[in-house]
Amino acid sequence: MCQVLLFGRLADVAGWRERRLDPAPATLFGLRDLLSAEDAQLGEALAAPGVQAALEKAIVRGDRPLPHGCEVAFLPPMSGG
Amino acid sequence: MCQVLLFGRLADVAGWRERRLDPAPATLFGLRDLLSAEDAQLGEALAAPGVQAALEKAIVRGDRPLPHGCEVAFLPPMSGG
Amino acid sequence: MIRLTNEAFDPGALLTAFCADRTETGAVASFTGLCRAEAGAAQTLELEAYPGFTESAIAEIAEAAKTRFALQDYEIVHRVGVIAPGEPIVFVATAASHRRAAFEACDQLMDYLKSRAPFWKKEHGPDGARWIEPTTQDKADAERWDKPAGA
Amino acid sequence: MIRLTNEAFDPGALLTAFCADRTETGAVASFTGLCRAEAGAAQTLELEAYPGFTESAIAEIAEAAKTRFALQDYEIVHRVGVIAPGEPIVFVATAASHRRAAFEACDQLMDYLKSRAPFWKKEHGPDGARWIEPTTQDKADAERWDKPAGA
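Chains as they are written, first to last, in this note's numbering: chain A, 1 to 81; chain B, 1 to 81; chain C, 1 to 151; chain D, 1 to 151.
In case anyone wonders, no lab produced these hints; they're calculated from the structure.
Computed from a prediction, not measured in an experiment: that's the story for all the values here.
Be aware that one or more of the hints could be misleading.
Stated by the list, open to error - Some chain D residues near chain B, calculated using beta-carbon distances under 10 Å:
id, residue
1, F9
2, S56
3, A59
4, V82
5, S97
6, K114
7, P118
8, E133
Unchecked claim - Below are the DSS-like pairs computed for lysine-lysine, each with C-alpha atoms no more than 27 Å apart in a straight line:
id, chain 1, residue 1, chain 2, residue 2
9, C, K66, A, K57
10, D, K122, B, K57
11, A, K57, C, K122
Claimed, not checked - Just a sample of chain C residues kept apart from chain A, beta carbon distances all over 12 Å, derived:
id, residue
12, N6
13, A17
14, A41
15, T44
16, A49
17, Q72
18, H78
19, G86
20, R100
21, D111
22, S115
23, G125
24, D127
25, A142
Glycine included, each C-beta is placed from N, C-alpha and C at the ideal position.
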């Protein structure tokens, strides 16, 4: 199981902001591939330059295993306040 | 007649802050000489570097005639706020 | 203190509280960012944060500024949600012994908040909504602080 | 608005009023100078102004800054008389479309107020009273603004 959060225009493109996946893919890249396979537009938005992933509220680069019950967020380029 | 104001340490040295002189000397330098003749310590303080004179709330440099009823102020170096 | 809020807030009330009971603070600088109507071009602003993540990212920057400028204290309040023209978006206050440190820290915190803080901003105008990215000026402002102190 | 006051004032109340009803102001910078106790070295501060003359001198500087930084508005409140540690001495707020102008104008106004404004300041401490003159740092801060803009 994992909780997936989308922010900014990613949420607009997907039409959802928060989703529980159970069972969840074993890795971050697996999760991204799953979301992209389900929704090609979201897939394109996730692959755009500047999109970052956060695991348990910390930015991660590259692939990571997804622990059970974790929170994953996809963050488009930040606007600032 | 003229109104004489002292500020900052000039008032401390003289022991007064405001004084009406009637009759008043005809010029600013005449006024300064009069005050210095009456009180040598004040005279010394008025001659110290950075002391300025204001006539009708405007800084003046050099001597000036003193119109009847005018306000003259002697200003030590300003501290800022 | 760092706080995100969905509710409109009064910057003056924050400043009053921030200045209270300070006998060794000589200088309090503050900045209030207000939502501009831009003569009707922008009607409302919508700001999204990632609760927890956003405060941590701001705290990291704020604690670095506190050390760099020897601040005694700081306060950052940032509005999220839908914001109407004239409403405060952000309030930053800094307290220091002397004014140069208070000003520079406040200025730096605002530069970071405007260009690098994790917010997503949507402008709702007469032609619909659009997501905003930092301006080139905002990025240049923030980069002024990237060089080491004194360089 | 420029005001001298014998009474203690609340900088937050001034900021609230200054920010009210602004739909085209993006940025409000403020500075509050507080009286420091300096761990007992200074007990109270006594500030003297020359009513009329002091406000005019400040207004000249403030109007020049308003033009230079394209300010929408400013407010300056300065305490005179006997001031206890922790009490506000000066409040300056500036309003502009964008934050750089608001910050720089506020910073410049404070530099002038601290070093060149017509006040006479006496510190009453445990060893008696002494008249204060601007520090070398205050003078250097004010001189930063003497060069033409952009130089």
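Legend entry - Hint check, failures only: 1, 3, 4, 5, 16, 18, 21, 22, 25
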